[in-house]
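Take 1 as the starting number for the sequence shown in this note's numbering and just add one per residue.
Check each hint, because a few of them may be wrong.
[Stated by the list, open to error] Below, computed lysine-lysine pairings styled on DSS-like, alpha-carbon distance capped at 27 Å: (1) 85 with 218; (2) 135 with 83; (3) 135 with 188; (4) 142 with 188; (5) 218 with 136; (6) 188 with 85; (7) 83 with 188; (8) 85 with 135; (9) 83 with 133; (10) 142 with 218; (11) 218 with 133; (12) 136 with 188; (13) 188 with 133; (14) 142 with 85.
Don't read these hints as lab results, they were simulated from the structure.
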Amino acid sequence: MVLIGVAIVIIGFIIRLNPLLVVTVAGLVTGLVAHQSLYEIISQFGEAFTVNRYMAVFIATLPVIGLLERFGLREQAESVVSKIKAATAGRILMLYFFIREVAAAFGLTSIGGHAQMVRPLIAPMAEGAAEAKYKKVPEDVKENIRAHAAAADNIGVFFGEDVFVAVGAILLMQGFFAQNHIASDPLKMALWAIPTAICALIVHFIRLFLLDRSLDRKLRNYESSEVSKKKEA
């Protein structure tokens, strides 16, 4: 019966109730079924929040990003990029990918991220570059650009962070080898991540170059079809 909390979480998510409310109710029910007092249950909630309080930092960043977007952050990002003639969606994402990977290689994995960088800045800048060049961009193309912006962030930090010797992945691998009596050096493991990071950089740059080619081909055809429709009308 103690596992009834798991069932409550599953049912709550299926019927799309507020996640925070569902998890809280599941915790209360689990504690009561386990014959704990209400005081003990609430104390455990408080202790868990105190121990993991750094996880709640994002709660403060989300309203700040929301306010910035409300007062025109996305529009300003698009406007600034549209004035740079050499800017394309692919080139902007190449630059961001390079910065993200290099920063992660030095342990600065917090520089970037979907919520704080990709959605409010990087994706709008890439979309603005496309709109400045082709005037009108269909919604499906915008979604494609946003997906590439998210991918640039994910791939950049994934392959860059392994170059940093103190990252969790390196320490996890070193600990696994140590448990199995295999001699390993975290510094050498980090150094051997450099060729992989360089390969990831080259491969993703090619992907973004092909993105520009694809956008050019698709949007020029789209522009021609729109002109033809206007003439027929």
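For each hint, the structure was consulted:
1. Of the pairs offered as hints, the one joining residue 85 and residue 218 holds, with about 20 Å between alpha carbons and a cut-off of 27 Å not exceeded.
2. With a C-alpha separation of about 13 Å, the suggested pairing of residue 135 with residue 83 holds against the 27 Å cut-off.
3. Annotation: proposed proximity of residue 135 to residue 188 is violated, straight-line Cα distance about 50 Å (limit 27 Å).
4. For the hint pairing residue 142 with residue 188, the CA-to-CA distance comes to about 42 Å; that exceeds 27 Å, so the pair is violated.
5. As the CA atoms of residue 218 and residue 136 are separated by approximately 12 Å, the hinted pair is consistent with the 27 Å bound.
6. Restraint check for residue 188 and residue 85: not satisfied, since their Cα atoms lie roughly 43 Å apart, outside the 27 Å limit.
7. Between the alpha carbons of residue 83 and residue 188 the distance comes to roughly 45 Å, so the proposed pair goes past 27 Å and is violated.
8. With a C-alpha separation of about 13 Å, the suggested pairing of residue 85 with residue 135 holds against the 27 Å cut-off.
9. With a C-alpha separation of about 10 Å, the suggested pairing of residue 83 with residue 133 holds against the 27 Å cut-off.
10. In summary, the hint linking residue 142 to residue 218 is supported, as the alpha carbons are separated by about 12 Å, within the 27 Å threshold.
11. Annotation: proposed proximity of residue 218 to residue 133 holds, straight-line Cα distance about 13 Å (limit 27 Å).
12. The suggested pairing of residue 136 with residue 188 is violated, with an alpha-carbon distance near 50 Å, which exceeds 27 Å.
13. As the CA atoms of residue 188 and residue 133 are separated by approximately 46 Å, the hinted pair breaks the 27 Å bound.
14. With a C-alpha separation of about 19 Å, the suggested pairing of residue 142 with residue 85 holds against the 27 Å cut-off.
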